[in-house]
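**Q** For the sequence shown, numbering that gives the first Met the number 0 gives the first residue as 0, with consecutive numbering after it.
Honestly, the hints are just simulated from the structure, not real lab data. Treat the hints with care, as some may be off.
[What the hints assert, rightly or not] Once the Cα atoms are required to be at most 27 angstroms apart in a straight line, the calculated DSS-like pairs of lysine-lysine come out as: (1) Lys333 with Lys321; (2) Lys226 with Lys116; (3) Lys226 with Lys321; (4) Lys226 with Lys333.
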Amino acid sequence: MNSATLVSHEVPLQSKLAALRDVATYSDATAGVEAIETHCAWVFLTDHHAYKLKKPMRLGRMNNLRLSSRRQNCLEELRLNRRLASEVYLDVVALRSDSAGRLSLDGDGVPAEWLVKMRRLPADLQLDHAIAAGTVSCEAIGRVTEMLAAFYRRQPPVQLSSDEYLRRMERQVAANGDGLLDPDLGLPRSLVHAALMRQEEFLTHRSRLLEERARAGKIVEAHGDLKPEHIFLGQPPCAIDCLEFDRDLRLLDPLEELSYLALECERLGAEWIGRQLLAGYAEQSGDRAESALIDFYMSRRATQRALTVAWHLRDPAVRTLKDWRTISLGYVTKGATEQFPPRP
């Protein structure tokens, strides 16, 4: 489940990457091309656009091994991201191979690869960059809160019984624990157990808080991966790069999704942003919950994030880009220390 498998197609991946680094491949004039590799994709930045190529790989429930699967997931990414960034996500385009084997976008030939084409956004408006630069204002976060509150209002409730929601949460907590305890990740078992114990304590004694969310119809098809690097502080603001390959991972309580965003902002040294987001959402939506629920959501998302970060250690292409083990350890520590108020 946790290992990535790459496969070759008729046109080798390296040939596609080489073509997409070449300015001549693009029909829109550009002075240069910047290539960025992530765990599951390559992104190519031209002067005005971004092109995302999904790696031919399988990871958990994500399966991009076949060209047809990558095309379908590109189309799904386009559809889903237009919910929160309609002006950014432009099209799904083919990298085509002609009879001579030349690769180009918008040219002749058969599709050798499919890419999501997006409008390039200014990096200084990316929330994580703005936090680092100290340029985030309360007004900008207020606009982001309004955008997200309106988005959640538009989403129809997902029919999930209180028992189903509770069992689902229990499975997620257990799966995160099993993954983090895998010996090859080298994480301190005592710390992982401490995080799991806190979450299991909540599930045993405060489960009604989760059950009430499901009974009230609060579970929706959300963004799924709402992090600061996916928020842009324009006017209007937008959110990009939602989790497209697994609908189940998008079925969330908005308070869980906002708790995750708050957690990530806190990690970057801007805890005040999370407080404002959660308070603003409660004010605009009338959706208020006990602080114990927010604490649990933060703790569980911290351990889930710890696991996805640790998986980078298994990918030779990216394992040396950052100190993934230390980053993962920081998330586990947060999961173990998040405070749940005493039971009434």
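**Q** If a hint holds in the structure, say so; if it doesn't, say that too.
**A** These are the hints, each one checked on the structure:
1. Taking the CA atoms of Lys333 and Lys321, the gap is about 19 angstroms. The hint holds against a cut of 27 angstroms.
2. Between the alpha carbons of Lys226 and Lys116 the distance comes to roughly 21 angstroms, so the proposed pair stays at or under 27 angstroms and holds.
3. The hinted pair formed by Lys226 and Lys321 meets the criterion: a straight-line CA distance of about 18 angstroms does not exceed 27 angstroms.
4. For the proposed pair Lys226 and Lys333, the alpha carbon gap of about 16 angstroms is at most 27 angstroms, so the pair holds.
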